[in-house]
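**Student:** Here the protein sequences come in this chain order: B and V. Going by this note's numbering, the letters in the first sequence line up with residues 1 to 444, in that order. Going by this note's numbering, the letters in the second sequence line up with residues 1 to 436, in that order.
The hints are simulated quantities; they were obtained by calculation from the structure and are not laboratory data. This structure is a prediction, so every number in the text was calculated from the model and none was measured. The beta-carbon is built from N, C-alpha and C at its ideal position, and this holds for glycine as well. Take these hints with a grain of salt, some might be off.
What follows is a list of derived Cβ distance ranges for each label pair [said to hold, decoys possible]:
#, chain 1, residue 1, chain 2, residue 2, range
1, V, 236, B, 79, 49 to 57 Å
2, V, 395, B, 182, 47 to 55 Å
3, V, 252, B, 182, 19 to 27 Å
4, V, 436, B, 239, 52 to 60 Å
5, V, 30, B, 276, 49 to 57 Å
6, B, 412, V, 113, 23 to 31 Å
7, V, 271, B, 134, 17 to 25 Å
8, V, 84, B, 437, 20 to 28 Å
9, V, 33, B, 296, 54 to 62 Å
10, B, 420, V, 78, 34 to 42 Å
11, V, 97, B, 437, 26 to 34 Å
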Amino acid sequence: MKTLRCLPFLFLVAAAPAVAETVTDFSLSNGLQVVVIEDNRAPVVTQMIWYRVGAADEPIGHSGIAHFLEHLMFQGTDKVAAGQFSATVERQGGDDNAFTSWDYTAYFQRVATDRLDLMMEMEADRMRNLRLTEDDVATEREVILSERSQVTDSSPGALLNEQMRAAMFLNHPYGIPIIGWRHEMEALSRQDAYDMYAKFYAPNNATLVVAGDVDPANVRALAEKHYGTLTPSEDISPRMRAMEPPPLAERRVVLKDARVSEPYLIRNYLAPIRTSGDQSEAAALTVLAELLGGSGTTSELARALQFETQKAVYSSAFYDGTAVDYATFGVVVMPAPDVSLQEAEDAMDKVLADFIANGPDPEAFARIKTQVRASQIYARDDVGGLARDYGAALTVGLTVDDVRTWPDALQAVTAEDVVAAARRVFDRKASVTGWLMRDEEAAQ
Amino acid sequence: MTFLRSFALILIWALPAQAEMNIQSVTSKGGITAWLVQDTEIPFTALEIQFRGGTSLDAPGKRGAVNLMTALIEEGAGDLDAQGFAAARDAMAASFSFRAYDDSISVSAKFLTEFRDPATDLLHLALTEPRFDADAVERVREQVLAGLRADAKDPDTLASDTFNKLAFGDHPYGSSGDGTIETVTALSRDDILDAHKGALARDRIYVAAAGDISPDELGALLDRLFDGLPATGAALPGRVEWTLSKGVTVVDFPTPQSVVMFGHGGLKRDDPDFFAAFILNEVLGGGRFSARLMTEVREKRGLTYGIGTGLAPRDHSEMWLGQFSSDNDKVAEAIKVVQDQWQLTATEGISAQELEDAKTYMTGSYPLRFDSNAAIANILVGMQMEDLPIDYAVTRNAKVEAVTLEDVKRVAARLLSTDALHFVVVGQPEGLPSAP
């Protein structure tokens, strides 16, 4: 089942390690930023184009338009007939897909190296020459509504996440679901798509990542040939979104659904992002998430809640600081059958408090440093993953150097840094706690 | 789960290869054979192991034993308890993953070159001396039970469980390898020990490695890794024939969207028409956006987010399966479109252009799959499980190219049948009663 053109989720993977020596970057005169990642082990190349526009850049009342436009980008241009984009990639033996986040929309193809020329020609063509018919838009709107039914409305856990995000962000558009609110999705029009497209789809608002069996000089020549002639957009300005007021009150969200079998709780805290030139706080939070919930066996939460007290059957912690404005730090606990959500939440809070009081176990801390080092080596086996790391980072305002030095930032984190970061981030006033519960009455 | 797994298997065969890639066969002094692609560029090794059998080896009344055993392998071994084992593994930044499938148990490992020996010893300990401590058994049993309770409210799992039950009845394929609340609750430590002895044996091992390891080093590793496992394991189950016939089975479930699983019998992996059927599936319901079902159900009518079909020739039976989700008020129409396309394709086959496009895609995408050590090891172990020759990677595209329009038409007439196609619908579909 590969229908992933368009799954609207953000990559949750926290550690985004990378290798330095094979990465080159440059810009074209029209503003297109280009990153080349070399991996010559197999004659394969991935082209990714990342636009600095996402769900948080949508006009008010038009939620879902960034993601809808992502779907519509597979319609036609003057040169490529409707539906022929993917068909052409497939005829070359390649695969293509796309995804949307709050901060970016990205498109990619994976093909044999000698097809890169054609892929660039097609991707450059649809950057400025998209053609949409009313019929295509109407049919594709049904597809995204069906996608919402499948991915969000059919999943109580996804609905809880959506509600929690809306509660977390009082003013910032990160509270909008990427897929969109259904009532607004139903009204999204061809003109809405064109408006967003005309403004944001331009070389000076994009990053091209080419990863695989290529050399930078060749990529530069191809990029000049296909993208170099495109006109920049005059409407691009720094992303100034409505920011959050100081958090004064913790928020609690309870979602009851007959389809819930195993209740669980999630606590999300508003957290800082990776900042260009200073990633130390984000690095400390990344290590904190690993220590608290990275291992299903030895992490603080697992040890305390699943092993020592057996109050939980599952626990985890997660953080990804790759965003333009805000990140969230999350903790999740699924209680054992005879344990209430309140009891589980209290036990979770005790783990967080104990961690701040006692600091990390030195051996666990040392293991994580080894894992960070190893992940840089393992990451080289997945050039597509490296392409995503660079694309996401550059699209939110980080630099190639930030990505390159991220593993160093992680290595530099001390136990004291982690505790200090925990102290700062675990502020209940800046948190949303969600309980997913069975709806016994509604159950059949 | 079972359903998606079938698709994963398909992908493994579809998996392609690069002519210049050097696949070596390595046989250890102790007689274990593995396939290897040595590549010293990155200092780590990806190791893939499969033990044929899997959850289908569960003894009568012990459904879920192999699955629970597999989940417990990493929960303490030798003189290490669960905490000690995880700490030792993480201190080397090695990763081991153990999974139970219908026809096999898979072990995926990767480790840095600098930790190759101690990582091998630790994995050996897990395979040969798992402790199955009482507290670990209870903890993991609770996790499995939580999963089973969640499955009972998960429309995707309900669909595949219902479909498998209808198709295979009392054969292991007819039920989830995870077991039931009742069987898993009743499993004893002895049951788990029996499952371990029956499932992890030397007579059913398939191994592939890719990365920074030489043939000699791999040979030594193999003997070290499997030393002490029993020579023979439990008997494999017998064959089961597909008996389900045309119809619609509706499972009432309160959700805005119905999950639909459909299918009928398939063909064996070694059937002379396999490649023709494979191309036919690609054109009818393959993962590409240009496949007929994707075009008709999604692109033209907007009835679903995605639809796909796949051939699933498993060890003891063969299927041709598909799946999609559709809003309750649209699912009847979507099923009608699937039936029409199925009928049309059965009668008329595919066009010359479709055949050509599918061939170009399949042959062109083949080498792209071999782009990492992890992928290569995974593909090579799958090839061995399928009893394919070691030069398969080189000859595979020629087999695809050799398929003619007549071959596809013959196979379509032979296999595709709306008279056999059964739909399981989990949801509250409008205007769609169970039938017959």
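**Student:** Evaluate each hint against the coordinates.
**Tutor:** Hints, verified against the model:
One distance hint, 49 to 57 Å for the beta-carbon pair residue 236(V) and residue 79(B), holds here, with the actual separation near 55 Å. Take residue 395(V) and residue 182(B): their Cβ atoms lie about 51 Å apart, and the range 47 to 55 Å holds. Restraint check, residue 252(V) to residue 182(B): a C-beta distance of roughly 24 Å satisfies the suggested window 19 to 27 Å. At about 59 Å, the CB distance of residue 436(V) to residue 239(B) agrees with the hint of 52 to 60 Å.
The supplied range of 49 to 57 Å is met by residue 30(V) and residue 276(B), whose beta-carbon atoms lie about 55 Å from each other. Look at residue 412(B) against residue 113(V): about 25 Å separates their beta carbons, and that is inside 23 to 31 Å. Judged by the Cβ atoms, the range 17 to 25 Å given for residue 271(V) and residue 134(B) is violated: they are separated by roughly 47 Å. For residue 84(V) and residue 437(B), the Cβ-Cβ distance of about 37 Å falls outside the hinted range of 20 to 28 Å, so the restraint is violated.
Against the hinted window of 54 to 62 Å, the Cβ-Cβ separation of residue 33(V) and residue 296(B) comes to about 34 Å, which falls outside the hint. Evaluation of the 34 to 42 Å hint for residue 420(B) and residue 78(V) yields a pass: the beta carbon distance comes to about 39 Å. In this structure the supplied range 26 to 34 Å holds for residue 97(V) paired with residue 437(B), their Cβ-Cβ distance being about 32 Å.
Hint violations for this structure: numbers 7, 8, 9, all remaining hints satisfied.
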